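Undergrad: Starting from the known structure of chain C, arrange chain B on it as the hints suggest.
So you can see what is in the structure, the chains are spelled out below.
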Amino acid sequence: MDLIIVGTIVLAAVGFIAHRAWRTVVAARKPKGGCGDDCGCGH
Amino acid sequence: MPAGKTTLRVAIIGNPNTGKTTLFNALTGLRQRVGNFAGVTVERVEGNFRGPDGQHVAVLDLPGSYSLSAGSPDEQIALDVLLGRDRDRWRPDVVLVVMDAVHIDRNLFLASQVIELGVPVVVALNQFDVAEVEGVAIDVPELIHELGVPVVPTVAKRGEGIEPLKRALFIAATLPAPSRQFALPQAATEALAPLRECLIADGLVPSAAAMEALRLLGSPKTDAHLKDVPGLAASLAAASDALRAAGFTPPRFESEVRYRWIGEVTARTVTRRVNSGRSLSDRIDAIALHRIYGPLLFLLVMVLVFQSVFSWATPLMDAIELVIAAAGRAVGSLLPPGDLRSLVVDGVFAGVGSVLVFLPQIAILFTAIGLLEHSGYMSRAAYLMDRVMRRVGLHGKSFIPMLSGYACAVPGIMATRTIEDPKDRLATIMVVPLMSCSARLPVYTLLIGAFVPPISLIPGVSLQGMTMLVMYLLGTFVALAIAAVFKRTLLKGPVRPMILELPPFRWPSPRSLAVSVAQRCQLFLRRAGTVILALSIVLWALATYPKAQVDQSLSVAAQQEQQLEHSILGRIGHGIEPFVRPLGYDWKIGVSIAASFAAREVFVSTMGTIYGVGDTDGNDAALQTRLQQERNPVTGKPAYTPLIAIGLMVFYVFALMCMSTIAVTVREAGGGRIGWSWAALQFGYMLGLAYGSAWVVYAGGKALGFGG
Numbered sequence: 004m005d006l007i008i009v010g011t012i013v014l015a016a017v018g019f020i021a022h023r024a025w026r027t028v029v030a031a032r033k034p035k036g037g038c039g040d041d042c043g044c045g046h
Numbered sequence: 005m006p007a008g009k010t011t012l013r014v015a016i017i018g019n020p021n022t023g024k025t026t027l028f029n030a031l032t033g034l035r036q037r038v039g040n041f042a043g044v045t046v047e048r049v050e051g052n053f054r055g056p057d058g059q060h061v062a063v064l065d066l067p068g069s070y071s072l073s074a075g076s077p078d079e080q081i082a083l084d085v086l087l088g089r090d091r092d093r094w095r096p097d098v099v100l101v102v103m104d105a106v107h108i109d110r111n112l113f114l115a116s117q118v119i120e121l122g123v124p125v126v127v128a129l130n131q132f133d134v135a136e137v138e139g140v141a142i143d144v145p146e147l148i149h150e151l152g153v154p155v156v157p158t159v160a161k162r163g164e165g166i167e168p169l170k171r172a173l174f175i176a177a178t179l180p181a182p183s184r185q186f187a188l189p190q191a192a193t194e195a196l197a198p199l200r201e202c203l204i205a206d207g208l209v210p211s212a213a214a215m216e217a218l219r220l221l222g223s224p225k226t227d228a229h230l231k232d233v234p235g236l237a238a239s240l241a242a243a244s245d246a247l248r249a250a251g252f253t254p255p256r257f258e259s260e261v262r263y264r265w266i267g268e269v270t271a272r273t274v275t276r277r278v279n280s281g282r283s284l285s286d287r288i289d290a291i292a293l294h295r296i297y298g299p300l301l302f303l304l305v306m307v308l309v310f311q312s313v314f315s316w317a318t319p320l321m322d323a324i325e326l327v328i329a330a331a332g333r334a335v336g337s338l339l340p341p342g343d344l345r346s347l348v349v350d351g352v353f354a355g356v357g358s359v360l361v362f363l364p365q366i367a368i369l370f371t372a373i374g375l376l377e378h379s380g381y382m383s384r385a386a387y388l389m390d391r392v393m394r395r396v397g398l399h400g401k402s403f404i405p406m407l408s409g410y411a412c413a414v415p416g417i418m419a420t421r422t423i424e425d426p427k428d429r430l431a432t433i434m435v436v437p438l439m440s441c442s443a444r445l446p447v448y449t450l451l452i453g454a455f456v457p458p459i460s461l462i463p464g465v466s467l468q469g470m471t472m473l474v475m476y477l478l479g480t481f482v483a484l485a486i487a488a489v490f491k492r493t494l495l496k497g498p499v500r501p502m503i504l505e506l507p508p509f510r511w512p513s514p515r516s517l518a519v520s521v522a523q524r525c526q527l528f529l530r531r532a533g534t535v536i537l538a539l540s541i542v543l544w545a546l547a548t549y550p551k552a553q554v555d556q557s558l559s560v561a562a563q564q565e566q567q568l569e570h571s572i573l574g575r576i577g578h579g580i581e582p583f584v585r586p587l588g589y590d591w592k593i594g595v596s597i598a599a600s601f602a603a604r605e606v607f608v609s610t611m612g613t614i615y616g617v618g619d620t621d622g623n624d625a626a627l628q629t630r631l632q633q634e635r636n637p638v639t640g641k642p643a644y645t646p647l648i649a650i651g652l653m654v655f656y657v658f659a660l661m662c663m664s665t666i667a668v669t670v671r672e673a674g675g676g677r678i679g680w681s682w683a684a685l686q687f688g689y690m691l692g693l694a695y696g697s698a699w700v701v702y703a704g705g706k707a708l709g710f711g712g
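From first to last, the protein sequence lines stand for chains C and B.
Everything in the first sequence is counted per the working numbering, starting at 4 for the first residue and increasing by one.
Everything in the second sequence is counted per the working numbering, starting at 5 for the first residue and increasing by one.
Think of the hints as simulated: they come from the structure by calculation, not from any bench.
Heads up, some of the hints might be wrong.
[Stated by the list, open to error] Now the stretches of chain C that chain B is said to cover, found in silico as 3 or more residues with beta-carbon under 8 Å:
#	region
1	7-13
2	16-29
[What the hints assert, rightly or not] What the simulated footprint calls covered on chain B by chain C, stretch by stretch (three residues with Cβ under 8 Å from a Cβ of chain C suffice, anywhere in the stretch; the number is not a length):
#	region
3	233-245
4	341-353
Bear in mind the structure is a predicted one, so any value in this text is a computation, not a measurement.
Where is the CB? At the ideal position from N, CA and C, for every residue including glycine.
The shape of chain C in the complex, shown without the other chains (with noise of 0.2 Å):
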């Protein structure tokens, strides 16, 4: 049960990354607009 719960807990937090990742990727693509909410610069 410890690992299952464990488990998830780590492929939850793999697919955030992933997802944070993707969307600074996505980021770099626009030509317009402000950053993303995760680089920490509030604007």
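TA: Showing chain B alone in chain C's frame:
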């Protein structure tokens, strides 16, 4: 409210540093960043508010512009929105022009252009209180008569005049659009008529076409719109020839006619009390801008900032550390021994907690930077740096993006939009990430706190604070040197003079300061609770699996070390170790550096996780203490020394370890293949510089007998 519409759309425009963003915040209740220097807003920002009868109002805060000449990317953004060329944004129903009441003559240039765009206009005479103090009296009813639009005096930072301003916006929306308030000489009107007709045929309303015809005379080579309109270039050339034949100078024509009108308007509406004595701001400037005392004062201010970061943060950091350790123990005691407890205690609390303890330092640093920004001192710093900037070949305007880079490289790179010359802009983009951003602060603090003794150099200034200052200065000076290289090679071009507006010194508004510091802390906490939390969990898993068949005859500490080395993280670390060994680093530092390519703070959380997982006896000591106690298993000597720590800090000064910065460089450098090429060059040269410098520090230090 315009007929048939449920939302009133308002665009705010004005000269830089007139308090546009403060007014935007006062209208919408939002908390956009404000500062007492030009160029804080470089993109469009939207907000909303409800009118007196509950009507919905959408507000767009445009970048500060001295004119609609579209000389820089931020001015182009403003012009495109106002002329309805920006397909991503709506065209406003009303334009709110924010003018600085103290410098009304200079602000009227932009206002006179906006009045001709064929859109209802309201003028906010902001900083009306400062004008009164400085002896500037404005006859508001006469100004309304001269401009033909509603004019509302405001003091945005205190919320004064906001309600009348809201009412004026609704009234203006129902009025006919204003038009040009002065007449051109007959010969000029005739010379410009074909050009005006050409622009009307392109879809502009007659008054906007008249404004655009004048504007194009002054900026024919920089306007991309010229290429899109059939026959426009020929009409423009013909109009210029006709004006020349009539005795006018086309490039200067718009400035001459507008400033002549502005002179007449101000003569009738503005009276200035003659002030014989120097103001307090002038007296401070006599020192702050002095050739010798100015740089000395700047250095003293910086020393005080970084010393306060160390001196004042320590008690707060200790308190946060205690709370996190207690929370970790409490949560751990609720869970049975096993992987889940290890994940929570060693992964989440050790990883995220090791970053969270730096919150006080972030708060203190940004309070200090906020005080300097809001008071107007940053503009003086930019003035002092202009001579240095010109020597390296950069425009003085580049200093503001570089200053923004101290907070985060992303807004710093976006702030380069205020720079007109594309080569100057690109050179600045390439070096902004060398400025030490707030993500580097936890790395510097961890290493300085652990390995630099708190020796007092002079009363009130310790070696720790000075080391931090040296790291910040190192990044700044190398950024200037690299910019000089770019400007003499790939981005060669002339050096242009800078025209800098020095705002008067002001007492910072406590509310604005508190809001900006709170925002910075919120962002830090959000990052810790999202990206760093997720990475800590993944790194914990990599440090825990696969499980090793440990040798039970070994000590508990050796068994834990064996498990860590057997894990995926350990194997990756040992794979990286040959590359980082020349810098004096072991596999643990190597793998922490590799993980921090996602975000720099992850170096600290990875070290926290590694030492959390490797913890053998429930030792709650802070990460700094663990690093000091770490021994080389072979030699028994300390694994980390001051020399390694300094080399590591130098590595972090130069390395570009931030995905968001790479993404924004790609976009701002032109996007596509060109953008990616510049971003790759930036990443490559910074990594090479980081590795080479860290090696020089380590190998040089060892050769000089500093150990390692």
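Undergrad: Among the hints numbered above, which are violated by the structure, and what are their numbers in rising order?
TA: Per hint list: single violation, 3.
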